[in-house]
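Visitor: Sequence:
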Amino acid sequence: MAEITLFALPSSSSSPIPQHSLRQFRRRSHSHWIRIRASSSSSSSSSERPKVVVTRERGKNEKLINALAKHGINCLELPLIQHTEGPDLEKLSSVLNDTKFDWVVITSPEAGSVFLSAWRAAGTPKVRVGVVGSGTASIFKEVMQSHQQALSVSFSPSKATGKVLASELPKFNSRCTVLYPASMKAGNEIEEGLTDRGFEVVRLNTYSTQVPVQEIDHIVLAEAFSAPVVAVASPSTVRAWANLISKLEEWDNSVACIGETTAMAAKRLGLKNVYYPSKPGLEGLLWYHRWVEIILEALGIHDHLQEALFR
Numbered sequence: 001m002a003e004i005t006l007f008a009l010p011s012s013s014s015s016p017i018p019q020h021s022l023r024q025f026r027r028r029s030h031s032h033w034i035r036i037r038a039s040s041s042s043s044s045s046s047s048e049r050p051k052v053v054v055t056r057e058r059g060k061n062e063k064l065i066n067a068l069a070k071h072g073i074n075c076l077e078l079p080l081i082q083h084t085e086g087p088d089l090e091k092l093s094s095v096l097n098d099t100k101f102d103w104v105v106i107t108s109p110e111a112g113s114v115f116l117s118a119w120r121a122a123g124t125p126k127v128r129v130g131v132v133g134s135g136t137a138s139i140f141k142e143v144m145q146s147h148q149q150a151l152s153v154s155f156s157p158s159k160a161t162g163k164v165l166a167s168e169l170p171k172f173n174s175r176c177t178v179l180y181p182a183s184m185k186a187g188n189e190i191e192e193g194l195t196d197r198g199f200e201v202v203r204l205n206t207y208s209t210q211v212p213v214q215e216i217d218h219i220v221l222a223e224a225f226s227a228p229v230v231a232v233a234s235p236s237t238v239r240a241w242a243n244l245i246s247k248l249e250e251w252d253n254s255v256a257c258i259g260e261t262t263a264m265a266a267k268r269l270g271l272k273n274v275y276y277p278s279k280p281g282l283e284g285l286l287w288y289h290r291w292v293e294i295i296l297e298a299l300g301i302h303d304h305l306q307e308a309l310f311r
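FYI, the numbering for the sequence shown is 1 to 311, going by the working numbering.
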């Protein structure tokens with residue numbers, strides 16, 4: 001079983017369920033994006049009710065749904081974000097053509113995918129990439145096999161956060177240059193941390209995220225809110241979920257995060273039962289399997305607490 005970090009688990013067996021303040025809900029999202037998977041219908045049978053809400057952009061949840069289905073777990077697909085072009089996207093390929101950087105820093109799978117498209121358009125120039133963690137690194141695996149001389153992932157920090165990346169990125173010379181293609185909504189800690197160390201940083205906001213805002217069926221929302229675990233893969237998704245439940249009188253179920261950066265965002269937003277893999281750096285599919293294990297662990301703890309409550 002993967003090592004996990006959990007916030008706010010009850011410390012005493014006499015109080016198995018933490019008490020949290022009550023809220024009410026706001027019903028917002030795309031109705032045509034809602035799908036119940038791994039069950040024949042949204043039956044009221046407890047065995048068929050979704051246990052996990054999967055929240056990545058439409059088209060990116062299939063792998064997780066299938067992995068959980070192998071464990072007999074039903075999922076509710078509720079995409080909470082969609083990616084859009086950023087204002088600097090068109091500049092990226094020309095910047096790669098015109099300027100040689102010591103590092104290209106990539107901090108999310110989406111940033112990696114956007115970068116690779118521009119990199120190919122620029123003629124696959126030679127680049128050295130630093131990534132925030134193994135999940136982001138996996139985006140480059142196929143490219144490195146076919147373009148070994150052109151692109152290399154040469155650095156990942158000891159802890160998968162932007163702050164640690166900025167403090168540990170190797171500096172080769174006094175004028176070490178960094179290209180940082182990022183989300184418009186990403187914070188400034190990476191460029192500020194690198195600049196403080198003497199790096200010259202060019203940040204390009206190549207993509208953004210937006211939250212679907214259309215009304216959805218209240219029955220679907222009720223199923224999402226009652227599911228024991230919500231699986232989230234980015235701070236943007238966490239913010240979207242927190243906004244969705246902002247008026248709930250009570251929501252204290254579990255949030256299973258893909259990594260520490262997402263988990264810290266969840267904690268800052270006041271979510272209580274937050275799980276994430278505590279050791280970064282796994283390669284390839286092992287990183288993804290760890291996220292699945294975290295979801296299973298969160299479900300197991302939820303079931304244990306429910307049994308204790310009704311014992």
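These are calculated hints, taken from the structure and not from any lab test.
Idealized CB from N, CA, C, for every residue including glycine.
Careful, some of the hints might be misleading.
[To be verified] Derived DEER-like restraints, expressed as beta-carbon distance ranges:
{"id": "1", "residue 1": "225", "residue 2": "192", "range": "25 to 31 Å"}
{"id": "2", "residue 1": "71", "residue 2": "270", "range": "25 to 31 Å"}
{"id": "3", "residue 1": "189", "residue 2": "141", "range": "23 to 29 Å"}
{"id": "4", "residue 1": "168", "residue 2": "95", "range": "22 to 28 Å"}
{"id": "5", "residue 1": "168", "residue 2": "90", "range": "28 to 34 Å"}
{"id": "6", "residue 1": "167", "residue 2": "304", "range": "36 to 42 Å"}
{"id": "7", "residue 1": "219", "residue 2": "94", "range": "19 to 25 Å"}
{"id": "8", "residue 1": "84", "residue 2": "196", "range": "27 to 33 Å"}
{"id": "9", "residue 1": "128", "residue 2": "270", "range": "35 to 41 Å"}
{"id": "10", "residue 1": "304", "residue 2": "145", "range": "41 to 47 Å"}
{"id": "11", "residue 1": "122", "residue 2": "197", "range": "24 to 30 Å"}
{"id": "12", "residue 1": "300", "residue 2": "219", "range": "23 to 29 Å"}
[As the list claims (entries may be wrong)] Simulated pairs of lysine-lysine, BS3-like, Cα-Cα distance not exceeding 25 Å:
{"id": "13", "residue 1": "171", "residue 2": "60"}
{"id": "14", "residue 1": "60", "residue 2": "70"}
{"id": "15", "residue 1": "171", "residue 2": "126"}
{"id": "16", "residue 1": "272", "residue 2": "163"}
{"id": "17", "residue 1": "91", "residue 2": "63"}
{"id": "18", "residue 1": "100", "residue 2": "171"}
Visitor: Measuring from beta carbon to beta carbon, are residue 300 and residue 219 in 23 to 29 Å?
Guide: holds, 27 Å
Visitor: Are the Cα atoms of residue 91 and residue 63 separated by 25 Å or less?
Guide: At roughly 32 Å apart (the allowed maximum being 25 Å), residue 63 and residue 91 break the hint.
Visitor: Determine whether the Cβ-Cβ distance between residue 189 and residue 141 falls within the hinted range of 23 to 29 Å.
Guide: Check passed, 27 Å falls within 23 to 29 Å.
Visitor: 25 to 31 Å was suggested as the range; check whether the CB atoms of residue 225 and residue 192 agree with it.
Guide: violated, 37 Å
Visitor: Are residue 60 and residue 70 close enough, with their CA atoms no more than 25 Å apart?
Guide: holds, 18 Å
Visitor: Return holds or violated for the Cβ distance of residue 219 and residue 94 against the range 19 to 25 Å.
Guide: At roughly 49 Å between Cβ atoms, residue 94 and residue 219 fall outside 19 to 25 Å, so the hint is violated.
Visitor: Against the 25 Å threshold, does the CA-CA distance of residue 272 and residue 163 hold or violate the hint?
Guide: holds, 23 Å
Visitor: Is residue 171 within 25 Å of residue 60, Cα to Cα?
Guide: Violated. Residue 171 to residue 60 sits at ~35 Å, over the 25 Å cutoff.
Visitor: Lying within 25 to 31 Å: is that true of the beta-carbon distance residue 71 to residue 270?
Guide: This hint holds: roughly 30 Å between Cβ atoms.
Visitor: Return holds or violated for the Cβ distance of residue 122 and residue 197 against the range 24 to 30 Å.
Guide: holds, 27 Å
Visitor: Is 27 to 33 Å respected by the C-beta to C-beta distance linking residue 84 and residue 196?
Guide: The hint (27 to 33 Å, Cβ to Cβ) holds, given that residue 84 and residue 196 are roughly 31 Å apart.
Visitor: State, for the Cβ atoms of residue 304 and residue 145, whether the hinted interval 41 to 47 Å holds or is violated.
Guide: holds, 43 Å
Going through the hint list in order, the structure does not satisfy hints 1, 7, 13, 17.
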